[in-house]
Structures are given as C-alpha cells and as structure tokens.
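Q: Residues per chain, in single letters:
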Amino acid sequence: MAAKPIASPIPVSMYPTLSVFTLAIGLFITAFFFIYEATSSRKNRSLGKELATATVASVFLGFGSLFLLLASGVYV
Amino acid sequence: MKHSSVDLLLLLLTIAVLTSPVYSDLVLSKVERRIDVTSQIARVTKTLKVVNSGSESVSEFILTFPKFLGNNLAYLSVSHSEGKGKSKRSLVKLSVKAANLKGVPDSISVYSVALPKALTKGDTLTLEVVAAFTNVLQPFPEKISQRDIHLVMLQESAQYLSPYAVESQSLSIKLPNARIESYTNLDGTKLQGTELKYGPYKNLPQYSYSPIVVHFESKAAFAVAEKLVREIEVSHWGNVQVTEHYNIVHRGAQLKGEFSRLDFQGRPPSGVSAFRHLLARLPPRAHSIYYRDDIGNISTSQMQSDSKKTELLIEPRFPLFGGWRTFFTIGYGLPLRDFLFASEGKRFLNISFGSPMIDLVTEKLIVQVVLPEGSKDISVTTPFAVKQSQEIKYSHLDIAGRPVVVLEKNNVVPDHNQYIQVYYKFSNINLLSEPLMLISGFFVLFITCIIYTRADFSISKSSAIYLAKLHWDEVLATVQEVQNIIHKCLATHDKLESSLRDLSRTGDIQTCKAARKSTDSLLKDLSKELKPLLTFLQSSSSASQISPKVEELITKEKELQEKLMAKHTTVVEGYEKKSSGRDIENRIASQQQKIIALRQEIEDLLEFIDEI
Chain A
23 MAAKPIASPI
33 PVSMYPTLSV
43 FTLAIGLFIT
53 AFFFIYEATS
63 SRKNRSLGKE
73 LATATVASVF
83 LGFGSLFLLL
93 ASGVYV
Chain B
39 MKHSSVDLLL
49 LLLTIAVLTS
59 PVYSDLVLSK
69 VERRIDVTSQ
79 IARVTKTLKV
89 VNSGSESVSE
99 FILTFPKFLG
109 NNLAYLSVSH
119 SEGKGKSKRS
129 LVKLSVKAAN
139 LKGVPDSISV
149 YSVALPKALT
159 KGDTLTLEVV
169 AAFTNVLQPF
179 PEKISQRDIH
189 LVMLQESAQY
199 LSPYAVESQS
209 LSIKLPNARI
219 ESYTNLDGTK
229 LQGTELKYGP
239 YKNLPQYSYS
249 PIVVHFESKA
259 AFAVAEKLVR
269 EIEVSHWGNV
279 QVTEHYNIVH
289 RGAQLKGEFS
299 RLDFQGRPPS
309 GVSAFRHLLA
319 RLPPRAHSIY
329 YRDDIGNIST
339 SQMQSDSKKT
349 ELLIEPRFPL
359 FGGWRTFFTI
369 GYGLPLRDFL
379 FASEGKRFLN
389 ISFGSPMIDL
399 VTEKLIVQVV
409 LPEGSKDISV
419 TTPFAVKQSQ
429 EIKYSHLDIA
439 GRPVVVLEKN
449 NVVPDHNQYI
459 QVYYKFSNIN
469 LLSEPLMLIS
479 GFFVLFITCI
489 IYTRADFSIS
499 KSSAIYLAKL
509 HWDEVLATVQ
519 EVQNIIHKCL
529 ATHDKLESSL
539 RDLSRTGDIQ
549 TCKAARKSTD
559 SLLKDLSKEL
569 KPLLTFLQSS
579 SSASQISPKV
589 EELITKEKEL
599 QEKLMAKHTT
609 VVEGYEKKSS
619 GRDIENRIAS
629 QQQKIIALRQ
639 EIEDLLEFID
649 EI
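Protein sequence lines correspond, in order, to chains A and B.
For the first sequence, the numbering used here gives the first residue as 23, with consecutive numbering after it.
For the second sequence, the numbering used here gives the first residue as 39, with consecutive numbering after it.
Hints are supplied without guarantee of correctness; some may be wrong.
Here are the simulated DSSO-like cross-link-like pairs (lysine-lysine), alpha carbons at most 30 Å apart as the crow flies [what the hints assert, rightly or not]:
{"id": "1", "chain 1": "A", "residue 1": "K65", "chain 2": "B", "residue 2": "K566"}
{"id": "2", "chain 1": "B", "residue 1": "K384", "chain 2": "A", "residue 2": "K26"}
{"id": "3", "chain 1": "A", "residue 1": "K71", "chain 2": "B", "residue 2": "K562"}
{"id": "4", "chain 1": "A", "residue 1": "K26", "chain 2": "B", "residue 2": "K533"}
{"id": "5", "chain 1": "B", "residue 1": "K346", "chain 2": "A", "residue 2": "K71"}
{"id": "6", "chain 1": "A", "residue 1": "K26", "chain 2": "B", "residue 2": "K131"}
{"id": "7", "chain 1": "B", "residue 1": "K84", "chain 2": "B", "residue 2": "K135"}
{"id": "8", "chain 1": "B", "residue 1": "K507", "chain 2": "A", "residue 2": "K65"}
{"id": "9", "chain 1": "B", "residue 1": "K425", "chain 2": "A", "residue 2": "K26"}
{"id": "10", "chain 1": "A", "residue 1": "K65", "chain 2": "B", "residue 2": "K594"}
{"id": "11", "chain 1": "B", "residue 1": "K347", "chain 2": "A", "residue 2": "K26"}
{"id": "12", "chain 1": "B", "residue 1": "K84", "chain 2": "A", "residue 2": "K71"}
{"id": "13", "chain 1": "A", "residue 1": "K65", "chain 2": "B", "residue 2": "K587"}
{"id": "14", "chain 1": "B", "residue 1": "K507", "chain 2": "B", "residue 2": "K555"}
{"id": "15", "chain 1": "B", "residue 1": "K135", "chain 2": "A", "residue 2": "K65"}
{"id": "16", "chain 1": "A", "residue 1": "K26", "chain 2": "B", "residue 2": "K346"}
One-sided excerpt, in silico: chain B residues whose CB lies under 7 Å from chain A [to be verified]:
{"id": "17", "residue": "P249"}
{"id": "18", "residue": "S273"}
{"id": "19", "residue": "W275"}
{"id": "20", "residue": "L378"}
{"id": "21", "residue": "F379"}
{"id": "22", "residue": "A380"}
{"id": "23", "residue": "G383"}
{"id": "24", "residue": "F391"}
{"id": "25", "residue": "N468"}
{"id": "26", "residue": "E472"}
{"id": "27", "residue": "P473"}
{"id": "28", "residue": "F480"}
{"id": "29", "residue": "T491"}
{"id": "30", "residue": "D494"}
{"id": "31", "residue": "L514"}
By construction, these hints were calculated from the structure, which means they are not laboratory data.
Quantities reported herein were computed from a predicted structural model and do not represent experimental measurements.
Backbone N, C-alpha and C define an ideal beta-carbon position, used for all residues, glycine too.
So here's chain A without its partners, still in its complex pose:
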C-alpha cells in the first residue's frame, strides 16, 4: 500500500479567520451571559437558561482559543 500524506483536519490557512469568528460569537454569548447574571434578580433567574448559555459560550470560546493558538503558531 502506498503511503498517503496526512494533512490537518482543517486547512492551516483557515485558522485566523475561524478564530476571529468563533471568538467573536463566543464573546458575544459570554457578554449576554454576564448581562443576564447582573440584571436578573436572584429570585427569577433560571438555571437552565444560565447553563445553556454557559455551554454554548464555552464551546465557542474553547474552539476559538484553540484556533487562536494554532493561528499564532503554538501548535498544541
């Protein structure tokens, strides 16, 4: 069997763009999360809503920071 070259799962040239977009979305959702935390009163705050926002925000921030690391040359 001939040897097949292995490439990265996502083209290296895409990392900067991806990191900008995912981080922007992630930070936006984070901002929403903290605004919600600060403005809603303790009584009528919903845990489900908080957890959902936190999960989505951390997924976007996690991938965004990974792409940022890769784009800046720190190949993890």
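Since the structure of chain A is provided, determine the placement of chain B on it from the hints.
A: Only chain B this time, still in chain A's reference frame:
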C-alpha cells in the same frame, strides 16, 4: 608532525612483520581512490574491482584502514553496482560491520562486507566504497595568529592498504583552490591544478603501504557542533516544528595572541582562518523561521527560498576563530503533509536525521521526535545504527504527556543526512482532547460565576441590613414580574389592533370576534396574576417609593385596555351595521387619540421603573 611520523614508522614495521596471512584468494584487479579534502571532512570514494582467482567461493570482503584513520571514521557505505553498461547501473547497499581478524595488527582497523552473492572462481565484482573521516585534517601549525592563513595536513598512503593483492591502483587527492605548502613526492606524483595524483602502481603485494603527507591551506569552515539537540515536534493540527540547539566550536588551528576587531574589519586579509557564516539548507516550504540565542533574537540572517529548498544563511554574533565557540538556536515549522504519511493502519514521520547545516560535523547528535499525546506502538527505522530510548514530555494542554523518541549518535557527518521513519499509531479522536480541555476550562469559569451569584456571603444572617437587602431583592423581583406582565399585556393589545386591521382589509367579522375573545381571556388571566404582586408591593415598607408608580402603571394599563375594548366594539359594530369606513373612523378618532396618549404614558412609566 614528529609524533605522527613515529606512528607511521611503527605501522610500517608491524606491516613488514606480518606473515602475510591469506584470507582468501581474492585479488583487486583495479583500485581507484579519490580523496576530497575541500571541506573539513576527508571524503574518500573508492572503486574496487574484485576478482576471485582461487578455487573456493568467497562471500565476505575485508576492508582495512590504518588505525589513525579508522578511529576517525564517521561514515562508511559499501555498495555494488548491478547490471552492466553505464545506463543500467544502480547501486545496492551492502551491510558492513567492524570485524576482528586474527593476525591483523592493532594498527589496522578492519571492516567486513557481506557480498550479495558468493564469488566463485573467476567472478568479478565492482564495489563502490564511500568513507568520510573527521579530524584527519590536522591543523599545522596548531596555533596561528589572526593574520596567518590556515594550514592543515593530511596523512594517507599512496598505496592501497588491503589484505588482498592489488594489480593496479591510483590515488587522486582533490585539494581546495588555495596554497599548497608541500606534498610527499614519489614516483609518478603529479600536481594538476588542485588535483594531486599518485600512481598508477602495478602489482602491489598485500598490505602495501607508503605514507604520504600533504600540507595545504584550507579555507573551509572547521565548524563542529560539540552537541546538537534537534527537537522535532509533530502536531496533527498541521505542523512539524523543528528546533535545533547548536553548540558550535571552530576546530581548526587555535588563535594565538589577541583578537583585533580593527585589523579584522579594516585590514584584510586579516582573519582568513575565521568563519563568519553558516549555511543551512532547510526543506522547502519551511516557515516561521527564527534564529536566536540566550540573549534574544539574532538579526544577522538571510533567507532565500524556492520550490525545492529554503536556504538560511546565518551569521553568529562574532566571527569564529580557532577554538572559539558559540551557542545558538534555530527553529522552523514544516507543513505536516510533506512529512507525515499513513500506511497500513499506521502513521509514519519521514524526516531527515542530521543537521541541515552544510559541511557541519556533529560530535554528539540527539534527535528527539515528540509525537502527539496518545500515540502508541512506536517504532523507528534508521539506515544506520543509532542509540534509541523513550521519554515523556509535557507541553501545551497535556495530561499524560507526549511520547518522545530519543535517537543518539556520535560523530555525524552530512552523509548521515538520510531519512528516518518513526512509525506510530494515532486515532484522530485524540485530536479533540485539546479543544475539550479548553471548553471545560471556560465552562468551569461560567459555573463559578453561576455559583458566585447564587451564594450568600453575609456573615450575620439576622442583621437589619441583611434582612432589608433580602426584602429589597424580593421587591425588585416582584417589580420585574410586573413589568413582564405589562409587556405581555401590551403585546396582546398589539394583537387586538392587528385583528382590527385585518377586519378592515378582509371584512371577516367572525375572526375578529374570536380574536377579541381570546385576548379577553388572556388579559383577564394576566390581571389576575398582577393582583397578588401589587398587594405584596403595597404591603412592603421598602417598596413605598415604587408602589405608587406601579399602581399608576397598572391603572393606566387597565384604562388603556378599556379604551381599546371600546374602540374594538365600536369598529365591529360599525362593520356589522355596514356603515362606511369614514363613519367608523370618525367615531373612533377621539378614542384613538386617547389610546395613543395612554400608551405613551405607560411606556414612560415602564422606563421610569426600569431606571430604579
């Protein structure tokens, strides 16, 4: 000089004493030797034509070197050319190992070559031998001053030292294009340009030896890496990062006296024995190249690249004279797809072993191949013997650490720049561990915030301030609820209005009535919900400022509701009586104005409460 000639004498004596032991009946019908000393490495290529003149078949060939050469042997490869005619020639490498033969004196190093097939009587075979020696160009004089030229000395034998009889042999030495101080003059010695020729010598007996010494100027850089650590880090996210730590020393004649920067820069040819540059030939598409040392970045480097290679010319912080040393680090990234391949369920990294520096001798080379976390079943294939071991390295976002294959080899010359393969198994799912780690990190941060906002940090749970705060929180929550309900009411009003608009367009009275019914019940429910909230606000002391406003808000909303209903009834009645559109409009005009005013007031109130 004296010391080495004594060595040679001894060697000659021992050879003379030899009682010519016969290992086989092989005869070398023709030997051509070429020695290239244009760099600091003496590279010897030999073409040997072997004939079996005896009756027994032979499957082993013995190569010998004088010990003072054999000790400095860095690279030895023996191959034989297959097929006849120049077009069909392809070289096949043969296995070589150091051997010990009885009857051979200690002053001779012996290597045994396994022949591809046994040579029977009368068979001939052509062997190509490539050998590279380090440290055989000895600086002479050993110490020179800054203005002196760099002279080195090579010792060899004009006749080929071999356990077999040689019918015809010749030697040519390729010297650098510079001054030649002296050379041993024997019969048939010719100097043609930069090429020094000895021979041809006919019918030499076994172990013939005739020492020669060539003394010449060398302009080559005698750059030796005392220790070179190459770290090759594989990332499946698309990069192979190579970091090389060099400890370079100039192994030529030592500098005598002091160094004058003024002479060096202003009065050439001062400092000809020093070297200023090193050239590294990196693989194509190398990127993110850096060159630094402990102080920081070194800016004196140049890079040129094309589709076949990347050339990096680096200049150390100071010119290197004999005995001087320097330390630096270079690093570069390589695209993954050029070096990493998949084959038969395994992945392998195919990368060159030695340093990319041209004409650099490495005394101790350590290659560390850092594989991604989660790699299993690691194995290495190398074209020559190296010392192998394994380590664990902790780097970015690691839990279990990355497996590191450590390869060590001493006395490495550019001929060792061959490809090695590191095989391992890796599943792509492991790639996700790094983003998952980052995601869980952020998630923990959010969870901490959620817990923090829910936690109660007050020490005294019964103090007046604390209770007041609790109460105030409750008031705020209630006000928020009221606001929500009012917003819902307003949305219902909008729905009602739109049903009226639909009516004027379609004339469908039934739908409009149905809409009216549903909004009626909805608004009733909402006002029911409002009641307990309002009573709570009225009863609580701390809400004394807000409660009138909220009350006002609720009454205004009720008023608006009534007006809207009245308007709705009027319009629907108008339609039922089939009065003209203008008539209806006239009738509701005054109501409409009030509705708009009320709506504005409610919105102002909401805004005011919001600010509290």
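Q: Need the list of violated hint numbers for this structure, in ascending order.
A: 4, 5, 12, 14, 15, 17, 23, 24, 25 and 30
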